[in-house]
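K.L.:
These protein sequences, in sequence, are chains A and B. Just so we're aligned: the first sequence equals residues 1 to 334 in full-length UniProt numbering. Just so we're aligned: the second sequence equals residues 1 to 334 in full-length UniProt numbering.
These aren't lab readings, by the way, just hints derived from the structure by calculation. Every value quoted in this text rests on a predicted model; they were computed, and no experiment measured them. Please note that a few of the clues may not be correct.
Repeated chains share a single entry, so a pair holds when one copy, or any two copies, can fit it.
Said to hold, decoys possible - Each computed BS3-like pair below joins lysine-lysine, with the alpha-carbon atoms no more than 30 Å apart: (1) K46 <-> K105; (2) K206 <-> K298; (3) K42 <-> K105; (4) K206 <-> K231; (5) K55 <-> K105; (6) K298 <-> K314; (7) K298 <-> K328; (8) K46 <-> K131; (9) K183 <-> K206; (10) K20 <-> K58; (11) K5 <-> K314; (12) K60 <-> K42; (13) K42 <-> K314; (14) K5 <-> K105; (15) K105 <-> K20; (16) K328 <-> K231; (17) K42 <-> K131; (18) K37 <-> K105; (19) K60 <-> K5; (20) K179 <-> K262; (21) K206 <-> K179.
Number of protein chains: 2
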Amino acid sequence: MTTLKELAALLNISVSTVSKALNDSHEISENTRLRVKELATKLNYKPNRIAQQLKTNKSKTIGVILPTVTNPFFAEVLHGIEMAATNNDYDIIVCLSNETLHKEKRSLELLSNGSVDGFIMTVARESQVQKDTSHITEAISNQLPVLMFDRVIDDIACNKVIVDDFQSVYEATEHLIIKEQRKNILLVSNIEELSVGKLRIEGYTKALTDHNLEPHILKLDHAVDLDVEAKIYNYLQANTSIDAILSIDHVTGIVAINMAKKLGLDIPIDLSVIGFGYEHTQLLSSPKISIIHQKAHKIGEISTNLLIEQIENKDSDIQTIVVPSELKYTESVI
Amino acid sequence: MTTLKELAALLNISVSTVSKALNDSHEISENTRLRVKELATKLNYKPNRIAQQLKTNKSKTIGVILPTVTNPFFAEVLHGIEMAATNNDYDIIVCLSNETLHKEKRSLELLSNGSVDGFIMTVARESQVQKDTSHITEAISNQLPVLMFDRVIDDIACNKVIVDDFQSVYEATEHLIIKEQRKNILLVSNIEELSVGKLRIEGYTKALTDHNLEPHILKLDHAVDLDVEAKIYNYLQANTSIDAILSIDHVTGIVAINMAKKLGLDIPIDLSVIGFGYEHTQLLSSPKISIIHQKAHKIGEISTNLLIEQIENKDSDIQTIVVPSELKYTESVI
DNA sequence: TTGTACGCGTTATCAT
DNA sequence: ATGATAACGCGTACAA
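Modelling step: build the complete structure from the supplied sequences, incorporating the hints.
P.N.:
In structure tokens form, the structure reads like this:
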């Protein structure tokens, strides 16, 4: 890599002259400025970012810690983060916690050494369950801004960007009750231990009790593959009064549709189905599932802009932003 | 952030003594070593990574440039990359090209300034179509190792990790012909302009001609949402002789199953369906789609290890590794 | 207009 | 056993 020193030596001038010339300082003559720039271009000179970072004590880099990226929600959030970061001339270092506490901890600690100017994170399942978040408060007390999105720790004071989990599910449930005249709505859950899962279940339960209806909840308890199908199939077979399904994740809604068809149910006549969904979710189901679409991309964008604001403007206030979901209903037949 | 200088000042000793003490140098007395370490722990000292990087002229960071991360294949590859990088004490900086040439170019150039020690990338759709890859060769001539996976530029000499696109589709097609006795196999494609798309189509075509059968290819031409369904539905309706479908992406296979059911076809009796798939693909279809499962995670892992090998051992040879896919057939009924 | 000197935080070499 | 000094590459205050 070409350095200022090398350019200076080749041109027989000092390093600082070269530096100033490249930065278009008024102190430098037109002549030398051009000579310097020409050689710099020719040798493809690029200022060493590491040196600049050391000098300014800023990395212009954000640490992004996600549980996983194979979950389409997080993937889309990451996309939003990347775009917003790029727009602000920031890089992102991505770490995946795999939902484990120790990896999340490790990443946070490892990057808290000047590598990044702040963090965007969603807390790992394990950290949330074990309520161990000392590593996060430590980073904050270390002067490193942390922004939490989606899964959030209430006790920690920091910027937060969350989804309207309670509200969107409440509305979706009410839609089923009022607009579609459903009475026996089954909630299917496999994330009941997460803060977001709890909120969604609460939204559902509240809507039902508000309308004097009985809740039906099927907890899948982390079932995978065929187990998911079997549990849903068996439940539907045993409980024929169910006339609507509300899935609080992005997979089981589609599975429910498939199982219902297998049982000979006519969707959406016999059964309405709403699930959480992203980009392709509706394309993958037939008939189209109604979805609660979380604006994942927007969440990433907002989070990034908010964090950068905090990084660059130390006395900015801490806030919690709620990003409303979009309810995309399939047209009702009733 | 605590620095060596601060520790030294507080302990009334020199910076170099502190540095040596922390690095367990034999030159330092047991006594001061302990005093130093105690204070360091107390003040939560962490060596500034940026300064270390400047000193060693190594970033221990890999630049990862992907077209997108909402495609589950790339998401899973990223997961593999992240794990392997972490295992080797490397960080990853992630850039998303959004399939555009200019963003890919920009990312590559921006990071070629000491920010990273090398790149893992899959070339953007646009770069591949326009055959503009000068930015990649430039990085390489800049002494920055580049590893390409999946979509690859043949003309560029560098480490490559690819999928057995031709072979896996050839075998899948042959499976349909021989094991399932299918005669009219429809290939559904919406990525025909990508190198991997071409290879898959070639595998299909070769298998058919080897068995004296006629190819049927439905090119969707980047159709989205309902268009995808409509095109497949209409084709199946108009061509009732089709008895098998081979989708070369991870979406249209499932859509095809749904459309076939809608047309009253009995799967897998009337129609066999094979698609490319990942983690959850089979869970989302009913009956289960047969899938060609690319070992995305493994591709990420291998790529990372290979690149790090090249970074740390300059005279390692360049190679191309083919990662075989796994064919997960649903049990045939015939 | 150009050059000198210093500091960012770390490590390594060379004194003491 | 400890300390002084230089160096990585850059930017900038200050001197010439």
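K.L.:
Hint by hint, which ones does this structure get wrong, listed from lowest number up?
P.N.:
Nothing - there is no hint that the structure violates, so all of them hold.
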